[in-house]
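There are 4 protein chains.
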Amino acid sequence: MIRLSHIELGVSDLAASRAFYVGTLGLQITHEDDRTLYLRALEERGHHCVILRKSDKAEVGVLRFKVFPEADLDAAHAFFTAAGQPVEWIERRFMGRTLRTQDPFGIPLEFYAQMDRLPPIHQKYALYHGVKPLRIDHCNCFSPDVDASVAFYSSFGFRVTEYTEDAESGRLWAAWLHRKGGVHDMAFTNGRGPRLHHLAVWVPTPLNIIDLLDRMATTGYVTNIERGPGRHGISNAFFLYILDPDGHRTEIYCSDYQTVDPDLEPIKWDLKDPQRQTLWGAPAPKSWFENGSTFAGVATRDASLKAQPIVAP
Amino acid sequence: MIRLSHIELGVSDLAASRAFYVGTLGLQITHEDDRTLYLRALEERGHHCVILRKSDKAEVGVLRFKVFPEADLDAAHAFFTAAGQPVEWIERRFMGRTLRTQDPFGIPLEFYAQMDRLPPIHQKYALYHGVKPLRIDHCNCFSPDVDASVAFYSSFGFRVTEYTEDAESGRLWAAWLHRKGGVHDMAFTNGRGPRLHHLAVWVPTPLNIIDLLDRMATTGYVTNIERGPGRHGISNAFFLYILDPDGHRTEIYCSDYQTVDPDLEPIKWDLKDPQRQTLWGAPAPKSWFENGSTFAGVATRDASLKAQPIVAP
Amino acid sequence: MIRLSHIELGVSDLAASRAFYVGTLGLQITHEDDRTLYLRALEERGHHCVILRKSDKAEVGVLRFKVFPEADLDAAHAFFTAAGQPVEWIERRFMGRTLRTQDPFGIPLEFYAQMDRLPPIHQKYALYHGVKPLRIDHCNCFSPDVDASVAFYSSFGFRVTEYTEDAESGRLWAAWLHRKGGVHDMAFTNGRGPRLHHLAVWVPTPLNIIDLLDRMATTGYVTNIERGPGRHGISNAFFLYILDPDGHRTEIYCSDYQTVDPDLEPIKWDLKDPQRQTLWGAPAPKSWFENGSTFAGVATRDASLKAQPIVAP
Amino acid sequence: MIRLSHIELGVSDLAASRAFYVGTLGLQITHEDDRTLYLRALEERGHHCVILRKSDKAEVGVLRFKVFPEADLDAAHAFFTAAGQPVEWIERRFMGRTLRTQDPFGIPLEFYAQMDRLPPIHQKYALYHGVKPLRIDHCNCFSPDVDASVAFYSSFGFRVTEYTEDAESGRLWAAWLHRKGGVHDMAFTNGRGPRLHHLAVWVPTPLNIIDLLDRMATTGYVTNIERGPGRHGISNAFFLYILDPDGHRTEIYCSDYQTVDPDLEPIKWDLKDPQRQTLWGAPAPKSWFENGSTFAGVATRDASLKAQPIVAP
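As you go down the protein sequences, you meet chains A, B, C and D in turn. Residue numbers for the first sequence follow our numbering, so the first one is 1 and each next one is one higher. Residue numbers for the second sequence follow our numbering, so the first one is 1 and each next one is one higher. Residue numbers for the third sequence follow our numbering, so the first one is 1 and each next one is one higher. Residue numbers for the fourth sequence follow our numbering, so the first one is 1 and each next one is one higher.
Bound-form chain A, shown alone (with noise of 0.2 Å):
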């Protein structure tokens, strides 16, 4: 498996939601119908890392994954198969053949190996525009059973990079998981769950966040700025977390470090380490902890580990 490629994102109000990823954020259309809208980031070419779904409920649709090369499909489809997990083949638009099945918690996951490729444009300066956005970067998820979610993901592929422990019980509280190389495609939160805690898109500096948040801040969306701008301890990275027209969170994100080593030792965070979320010490509001975005049809189950209190350093 390659990579976290896309996500779909069912949203209540087709034209509030292109006004945000498209207008504000940058993201560039590649299909739009009556009810559906296809975004790319400027640096990708495959046709799309975001697709937004008109629906009744703000949900998420489904992630995807490239795996490379096709055989690799089969290979999905009999390790989940022998994981016990539901396996279907389905065509979805824009790619061929797509492997569709969930993980131990009922996250849908698609996994596919061609989607329709679009000429680069990252070198047309004139669509940038936004926060600059260049490529999809991971999801966070509320995982009920962190230690359950990361020995699940593991077991196809992803290497933890960094993680946190709670000291007591010696259980994951928290881990960050990759395939790509960098901190992560993936990542798991202990929390009621499965849910989404946000999508991740990855933009060149931190000046291109604070451009966005002077925009937002003055063309009437303040309250949808979350949390930040920061630095995270864990992943080192420079973060901003901002809420889409139905409050699914969307991580602007840059300056993580390069893992393509295999054999790179995953770091370990102490949950008592307030650092560890913020490098410079602001506590996150309490909606950061709490709110998320189911996924559509599935149910959430309560977290295994009792919730933290919220310190600052």
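These aren't lab readings, by the way, just hints derived from the structure by calculation. Any given hint might turn out to be false.
Note: identical chains are not told apart, hence a pair may lie in one copy or across any two.
Quick list of in silico lysine-lysine cross-link-like pairs, DSSO-like style, CA-CA up to 27 Å [as the list claims (entries may be wrong)]:
1) K124 to K268
2) K268 to K54
3) K272 to K286
4) K124 to K272
5) K272 to K57
Model, not experiment: these values are computed from the prediction.
Please arrange chains B, C and D on chain A, whose structure you already have, making use of the hints.
Okay, now just chains B, C and D, sitting in the frame of chain A:
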């Protein structure tokens, strides 16, 4: 009068203050003895912009202002005498004759025309480190009566650029006044006073502020980070507030705007608009509204307006 | 006198100039008719900083300066009359009464006290695009006799901040003079003149200049990039020089230093030091030394000093 | 194979090289003795990315590549043996067993699976200085036959991301090949070779490159600045080329793009398009096309394609 040019701070541990202002912020030492440290920023040619003086308690010695030409010193003497304020000619090291006086609330003020000049160092880039402080920008003080403070400073040449009005009483809550062509040399905020709220140094770009945050957060200064980074509504500046080892507050500041036109209209803000404080919406911590440094030997009195509730947008 | 406030350029194709100054640079249109375009930068509240006027030939109309208070207009009238220069009171659109005169080499100068004020837009971040021009900074002109130009402008209040001297003759090669507290409002360089070398606009950070380069390079303007990006030795500014569709040169400029102290010593540079031009060493192209825009109806004469050899460090 | 991981340079004056790579660039010393200096960049956990070795002449010792797992070392041994290249198992300090071999033109290559790991320092921000080098990125070499070089490296796993073709002959002029998911680990350019054109280090943002330029220009290194700053058309990277005291060239590099999809189509450039070299148009100096570092004990031969004329856009 030309500008606010320097401030004298009483500090309890000169070595700790040296580590903070020189080692971490990057101010340059221009004179040092057992009890005093003179510092300048990188584009300044005057001998110093900050004096740190060993003191039994953390307090502010004096604010000093450059006038030019020399004759304006005599005019200042006449003005403060006519205003009924105590005046005194004194000699200060590294400067010529100095007029010592005070404002109506007792803030110690000194005026001088000549300070020793040092060779330029703004292109000695090997000296740049820390946050790369370029120059002193302004001081912000709590005043028990902002209307009275503004009236007084305006009477000798300060011009208001922005202000916050309490809609009910029609009285000033806070005001920003300049001489040198930026948003302010001096600002006053309603509060128990007189007290110094903060001193501000100007830096090149927001990225230098991010560098400082990373450095402070990983060298034992994480609890000295009080507020920010953020964008002020008022002044439009990108800011960070940090505390020195004695709790004296410094604002790291960049990107306000030019105000040299004498007929530039002041911008009025509503006390109920939280974006005046942080354009992006995040509220300041309680300490930021409450804590300040007293001036040596000067009694404080209660604010004339009742404290505002701290609100998020 | 307060500052250089705007310039009028004659352009051969208003639509092409509009695409350049508005679409690419990001100046804001404040008035537009068949033959004229009035533009302001993002932190300015005066009605305009650049006027583009349809013209048979590419040339410069006039440089205009704000004075304050109104009485200084009469003082200027007296000064130029005494200096033997032609003077005339005229009415200009969007301004009050205006004094038209010229400098000893014929550069058309106009002075006014009042310009229409527009509401602030510096926090309307949705308007920011292109290079995010904040304000007009300065004009630089070829002068056939820099000593004479500097003497004249100094006689009505300009102060020299930096200069280049021809060591052999002891004469000025170039000089930078300010009113508003930066390195310059006006600069003069030895050369066939009078001609405008360039107009400069101030931008927030070097990254905005890099963004402009990327955009110009990929939208048909690559040959309009003449020199840079780089750091000037003189002024310490980060710069880029670009050419508009008529060949008028604009400098995109940031990060010079504050010069408000009236006793700030000018910095002297040796004509043989190539780092005065580009601190980093790369030489300017020949065109940059030779090309300039004539002033409408003003004859030029040869430079008084022989052209310097163009040298790399 | 995982990635290019380090390079060994022969230098004539270890103290001068130390001042350059450590004092000016900001690489960290991990081991030092009389004749050798081991350096790592700030986000690396492997023991070193550059080895400087005292040498009678300026030359390149070897390029080394990390493979994983250990079994891939044996596969590499088999591959190079089958390819008719000399192979040898050797022991290298701070690494496990190492395979020494060479490419068809004689470039000395070594492969290893294990290097000593050091604790992370990427959040020890007090160590960051100079250009804040984060990691080694790639090496670029002159090849007398780029087609042959590309064919060879492709046969053991490198993938071409961009290339320049000579339209007349249909032969490759230059090519960029990667393993780790960026634009390249190795590049080859037509020229007398084999010679190293440059080593590249990755830095966070273009502003760090501007800081380095300011510093080099004012600390005696102005003539070590060879080309830039600029944006490459190929790779889209923001670049600066500098020369160490022996003339070894380093590229300071940031902001290329992610290439992890194995089916990413290579981008083809026309040899006649000058924007492939500098998107913004400024031509590279002659030295940049001509100078390179020889590999120790390896004879060079003439380029197979005739030198291109150096053209500006």
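Hints versus structure:
no. : hint         : in the structure
1   : K124 to K268 : between (41 Å within a copy, 16 Å between copies)
2   : K268 to K54  : neither (40 Å within a copy, 39 Å between copies)
3   : K272 to K286 : both (17 Å within a copy, 24 Å between copies)
4   : K124 to K272 : between (46 Å within a copy, 20 Å between copies)
5   : K272 to K57  : neither (36 Å within a copy, 34 Å between copies)
Comparing the model with each numbered hint stated earlier shows that hints 2, 5 do not hold.
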